[in-house]
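Could you build all of it, start to finish, from the sequences and the hints given here?
2 protein chains.
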Amino acid sequence: MKIVDYRVTPIAFGDPPLRAAFGLHAPYALRTIVELTTDDGITGVSETHGGTAVVADLEAIRELVIGRDPFQLAELEALIWPSGERFAPATATPWEGKLSSAPRTFGAIEVACLDIIGKAIGRPVCDLLGGRVRDSVPFSAYLFYKHKGAGGPFGFELDPTATSGWPAARQAEALTPEALVAQAQAMCAEYGFKSLKLKAGVLPPDQEVQTIRLLREAFGPDTPLRIDPNANWSLETALRCGRELEGLLEYYEDPVAGRGPMAELAKQLSIPLATNMCCVSFAELPESISLGSVQIILGDHHFWGGLRPSVELARICRIWNIGLSMHSNSHLGISLAAMTHLAAAVPNLTYACDTHYPWQSEEIIVGGKLRFEDGSLPVPTAPGLGVELDRDQLARMHEQFLACGLTHRDDEAEMQKIEPGWKRVVPRW
Amino acid sequence: MKIVDYRVTPIAFGDPPLRAAFGLHAPYALRTIVELTTDDGITGVSETHGGTAVVADLEAIRELVIGRDPFQLAELEALIWPSGERFAPATATPWEGKLSSAPRTFGAIEVACLDIIGKAIGRPVCDLLGGRVRDSVPFSAYLFYKHKGAGGPFGFELDPTATSGWPAARQAEALTPEALVAQAQAMCAEYGFKSLKLKAGVLPPDQEVQTIRLLREAFGPDTPLRIDPNANWSLETALRCGRELEGLLEYYEDPVAGRGPMAELAKQLSIPLATNMCCVSFAELPESISLGSVQIILGDHHFWGGLRPSVELARICRIWNIGLSMHSNSHLGISLAAMTHLAAAVPNLTYACDTHYPWQSEEIIVGGKLRFEDGSLPVPTAPGLGVELDRDQLARMHEQFLACGLTHRDDEAEMQKIEPGWKRVVPRW
Chain A
1 MKIVDYRVTP IAFGDPPLRA AFGLHAPYAL RTIVELTTDD GITGVSETHG
51 GTAVVADLEA IRELVIGRDP FQLAELEALI WPSGERFAPA TATPWEGKLS
101 SAPRTFGAIE VACLDIIGKA IGRPVCDLLG GRVRDSVPFS AYLFYKHKGA
151 GGPFGFELDP TATSGWPAAR QAEALTPEAL VAQAQAMCAE YGFKSLKLKA
201 GVLPPDQEVQ TIRLLREAFG PDTPLRIDPN ANWSLETALR CGRELEGLLE
251 YYEDPVAGRG PMAELAKQLS IPLATNMCCV SFAELPESIS LGSVQIILGD
301 HHFWGGLRPS VELARICRIW NIGLSMHSNS HLGISLAAMT HLAAAVPNLT
351 YACDTHYPWQ SEEIIVGGKL RFEDGSLPVP TAPGLGVELD RDQLARMHEQ
401 FLACGLTHRD DEAEMQKIEP GWKRVVPRW
Chain B
1 MKIVDYRVTP IAFGDPPLRA AFGLHAPYAL RTIVELTTDD GITGVSETHG
51 GTAVVADLEA IRELVIGRDP FQLAELEALI WPSGERFAPA TATPWEGKLS
101 SAPRTFGAIE VACLDIIGKA IGRPVCDLLG GRVRDSVPFS AYLFYKHKGA
151 GGPFGFELDP TATSGWPAAR QAEALTPEAL VAQAQAMCAE YGFKSLKLKA
201 GVLPPDQEVQ TIRLLREAFG PDTPLRIDPN ANWSLETALR CGRELEGLLE
251 YYEDPVAGRG PMAELAKQLS IPLATNMCCV SFAELPESIS LGSVQIILGD
301 HHFWGGLRPS VELARICRIW NIGLSMHSNS HLGISLAAMT HLAAAVPNLT
351 YACDTHYPWQ SEEIIVGGKL RFEDGSLPVP TAPGLGVELD RDQLARMHEQ
401 FLACGLTHRD DEAEMQKIEP GWKRVVPRW
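Protein chains in written order, with our numbering: chain A, 1 to 429; chain B, 1 to 429.
In short, the hints are calculated from the structure, not lab data. Glycine residues also receive a C-beta, built at the ideal position from the N, C-alpha and C atoms. Accuracy of the hints is not assured; some may be wrong.
[Stated by the list, open to error] If you want the footprint, here are the derived chain A segments under chain B, 3+ residues with CB under 8 Å:
{"#": "1", "segment": "65 to 72"}
{"#": "2", "segment": "316 to 329"}
[Claimed, not checked] Straight-line Cα separation of at most 30 Å, DSSO-like style, residue types lysine-lysine; simulated pairs:
{"#": "3", "chain 1": "A", "residue 1": "K2", "chain 2": "B", "residue 2": "K119"}
{"#": "4", "chain 1": "B", "residue 1": "K194", "chain 2": "B", "residue 2": "K369"}
{"#": "5", "chain 1": "A", "residue 1": "K119", "chain 2": "B", "residue 2": "K119"}
{"#": "6", "chain 1": "B", "residue 1": "K2", "chain 2": "A", "residue 2": "K119"}
{"#": "7", "chain 1": "B", "residue 1": "K369", "chain 2": "B", "residue 2": "K119"}
{"#": "8", "chain 1": "B", "residue 1": "K148", "chain 2": "B", "residue 2": "K417"}
{"#": "9", "chain 1": "A", "residue 1": "K2", "chain 2": "A", "residue 2": "K119"}
Rendered as structure tokens:
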């Protein structure tokens, strides 16, 4: 079995004006779709980060991929993601464009190869990762402070086709604690999520702490709550807020920047600290562990090198007694399927996974958006990832990519459009 | 695909009177053969440690295995080798009978399942581990001080059918540095090995150091040499001998007992320290790494939980910049095939692997013993492990197990038969 065709397609889809410490989401989120086809006619797909640099990385390895047997992943990994680069320190910024490109590039190929293998042998991808230990995967409600608007062609306007329920609530402004609670209630009513994650680092810290308090009141004592200030708080602020949040939080995600300050904070608080910023690569594990910077790692197969290396990360977490959760960026159903297969195969992924999926209304897979059941996604049972690329939607979203004019994610630039001179400052508070 | 039949067969085969720090090899080595058969008629095999306790462990999980899909390895691992046991400290003694049984038991099932999967999908086992990064796997000449004798039915006598070349040299006494060099020359002439490993901790340390010197003279400067005193030396002796051996050794394997003393020694010597004693389980990795006890780990899928966990160990070694080699016990061709598939799939297994294989004349696979080519074993290309169980030999070796009267490995008891009152003492020197 040999790979004979390799297609890389940049796409864009509507994304509401969500806020984070980095700034503002643009009206379109960018992703890249990889398709590999073998000489026996099997096509595997994957979805990864977006923008022209990501596409260039994937185009640069075309000749390494063409002609190769999809089972020969170790060889391909050694070519695309050699140990030298693997162990180079990655930036502490969790942005798609700034992460080490090698694990992302290899990971995109690896997922498509696993989709091929699964289809070839008639097995779902989770069975290639050790098999499933759960039949459905819980996800969390990912809550954002946001401006009014639908994103996509509507920008800051409202999409007139979405007039009630979550589709309408998704467009509503949420820049106060009370509005955030209303957002959470609408999202949970729609999807049944049982855990809540607040993207913070946006409003002054006391308002964000107040949001957590209101969420606790609204959702009761049994709903796990998380807050993620994206390293936007000083050690002093993080310590003060952390003390107010002790007893309220499941985990405290990246309150401060850097493995040293995270370790310092961990010593002074009883809440476990989580990260997808200070440890985002295998290269950063040894120092993170020796310093005690993190108690929970949010893995993400898109930048940890694919699904098999993510299983490896999970095993490392078990050995060193580190918790494991899952990070998300704006994404579509191919990524969601891959995330679900991974979570199905990892016994110690015991936290509900992050997903931006409810924020998107478009979809690129046949049959439209995957459906959560009571806050969880059933693990696909069809061979491979269990999803099929909708080629009409692929073409349309590629046109959208070309038309929208965005070449990379830049939340700071988007923020400056509504607040001239706005800068990402670490820490802001 | 479901497992419908599960057979566990204890076997024994002739083993020459090899010496080590633990005492003396018995005339028979014990192993256990596992066979799993699926409802579609595919049989997978594996080979593991021997003796009645090992068989009892395997019999105890029969009902967990029957009815299961061989792809569902994570679920089976969670049942057989739950995290609690996984992280329980293992003994520092590398003996089959004393190691934590859970990873060994799971590993034996895992290898047989991978053999089934490979046969079912028409792929060699290495392709289930990420694919091959090498087409043949180098092994080392594993040299032993020994008494005269052939083992098996001949005991300390010579097997009259083996009169020249390696078969005769294998029976010769080797209890001096000079005799050890002659053994090495005969073994390398037969198999073409390019690296030499001396099992030490047997003669007084100065004679073993002298043996290394003579091997260096006989084999020239380009043949990697290793010495393994099996923790039989004090820190003082290990330091003194280590200084004499600096510049002569590729690595220095378990000179002293314990992670603390190994770390202390590592600080004072330039030779990398290797182990299959002070770090033999995932549970022991964190302390081994934080102390700096080892620079090279000798993995062994038989007690690290199978082939997939061994790939995981390899990745951990890459991340923490620890070298990786491979440990061996007396074994037959099923184990050798599994070891070879593993080594084929692991890029950073850059040391020639240990194997006791030349010391055995019997074989349990169809076609007889696997053949080294210029010191390396070609990676099998047939589906699964690529070896087929010889059922006549299985029956014969099972009868041999019943007849030989051994129920577990006990090198101390064997040693006492020729030297009454002999005791394993740590450290002896």
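Hints versus structure:
| no. | hint | verdict |
| --- | --- | --- |
| 1 | 65 to 72 | holds (count 3) |
| 2 | 316 to 329 | holds (count 5) |
| 3 | A:K2 to B:K119 | 20 Å, holds |
| 4 | B:K194 to B:K369 | 20 Å, holds |
| 5 | A:K119 to B:K119 | 17 Å, holds |
| 6 | B:K2 to A:K119 | 20 Å, holds |
| 7 | B:K369 to B:K119 | 21 Å, holds |
| 8 | B:K148 to B:K417 | 15 Å, holds |
| 9 | A:K2 to A:K119 | 14 Å, holds |
Checked against the numbered hints given earlier, the structure satisfies every one of them.
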